[in-house]
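Chemist: Take a look at the letters that make up each chain.
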Amino acid sequence: MGILIRSQYRNEFDGLSPRRDFEEDTIRLLRVHQAERNSMKNKKLITVLVSVILAVVLLAGTVYAAVKLLTPSQVAENIGDPQLAAAFESDDAFIINDTKQAGDYNVTLMGIVSGKNISGMDSIDTDYSYVCVAIERIDGTPLDVLDGIPINITPLVSGYQPWCVNLFSLSNGAHGHVNDGIYYMLYGFETLEMFADHEVALYAYSGRIAPGSDIFSFDEESGAIDYQSDYTGVRAKFDLPLDASKADPEAARQHLEASGFVLDENGRLILE
Amino acid sequence: MITKNIGFYNCVISERGLFHLNSYGTDEHISRIVTEYSKMLFRIAFTVLHNGADAEDAVQDVFIRLIDRQPVFRDSEHEKAWLIRVTVNTSRNIRKKNARSESEREIGVQIARSDAESLLSAVLELPEKYSTVLHLYYYEDLPIRDIASILRLPAATVGTRLARGRAVLKEKLKGDGYFD
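Chains A and B, in that order, are what the protein sequence lines are.
Residue numbers are given in numbering that gives the first Met the number 0: position 71 of the first sequence equals residue 70, and the series is strictly consecutive.
Residue numbers are given in numbering that gives the first Met the number 0: position 41 of the second sequence equals residue 40, and the series is strictly consecutive.
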């Protein structure tokens, strides 16, 4: 069979182009769309604020009683992701509900689910892990949305420096909302399963947002991670249950190299 | 709202504790994606829809979806592959939903027939499953394995569609100098 000449094909299709003003019109359309999105976010914030104020009024003068936590599926539903809600109901999800004290807060690792196409908000051909966490004040005082995230949470992987492989290098974004005075967070990560041959854990910490060496220690020999002995902020560590059979060292290496890290032949990060 | 620069990303932390690590929706981001991808995505959409106005609608839908979904891409190739796949799927959905009247459809056919001997018209007359694969291969210069990944097809199926599409084109364009 003869070969179709690529240059001929290109010449003919080069003539296909949108209207002259199309790019300009599209840029204008997208800017308006983005402005509307920002406006909607502000309206939602006001709605949440009203809900919180109502909740505070209703609770005033009464003893704040511990409220049963939502399920991870309900949290996903509340942020408008029914696909992820269904994933948290599936057999692939680990529902954990492990609560630990972190300073003045109780932090509950509610569950984790990993896989492709399990959230309506993400690229469909990539594996992601979603972790659901609840944060509440131990004394029962409701959290306020305007307080922001009261403590920071990051996954850390043994064998990799916490200041390199953490929330920021693995994150695919996070969504939070307050329900009955409890802060619920849904964290999306590049799949954590590729690191399943390492110890992968979720750490709570406070102070600055970046998990630096003032908060965490890293043993260069063993790769073990711990809190610094002189760190005085909140501490809580949750081991993440990952399917060891899904460990993928090559994918992990590629992910880290794509993130700009240099690795030695043993897969350790080389830092300048 | 606090914005911090972390590497390539903006970390945007809202009062609600909602945060994202990206630069989606900024003027720079919008200008970049439109300038970089509009023409490519338009040609792909046109290959499916055979209609300029519909193809423009499809491309704008894809950009809006990108801003709304805010996927995280490993690199520019990953971004390009995502945009191509979503464009093909969006265009297919528009074609199904539109339920065009025969008269409107006829306009598109007339455009193609006005240059009945051209390679362009011959490609557009192919079943869409062949024309999309041919376009991605010959215009976008994508290897078969990448087309398979984008269209979520086995590589062998892409190879078969490419060969069949080429065979039909060769028969239609016999002696017109499009084949070596």
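Treat the hints with care, since some could be wrong.
[Unchecked claim] List time: in silico DSBU-like cross-link candidates among lysine-lysine, alpha-carbon distance up to 35 Å:
(1) Lys95(B) <-> Lys169(B)
(2) Lys99(A) <-> Lys115(A)
(3) Lys171(B) <-> Lys115(A)
(4) Lys115(A) <-> Lys169(B)
(5) Lys115(A) <-> Lys38(B)
(6) Lys115(A) <-> Lys95(B)
(7) Lys79(B) <-> Lys96(B)
(8) Lys169(B) <-> Lys245(A)
(9) Lys173(B) <-> Lys128(B)
(10) Lys115(A) <-> Lys173(B)
(11) Lys236(A) <-> Lys67(A)
(12) Lys171(B) <-> Lys95(B)
Derived from the structure by calculation, the hints contain no laboratory data.
Chemist: In ascending order, which of the hints set out earlier in this document are inconsistent with the structure?
Modeler: Hints 3, 4, 8, 10 not satisfied by this model.
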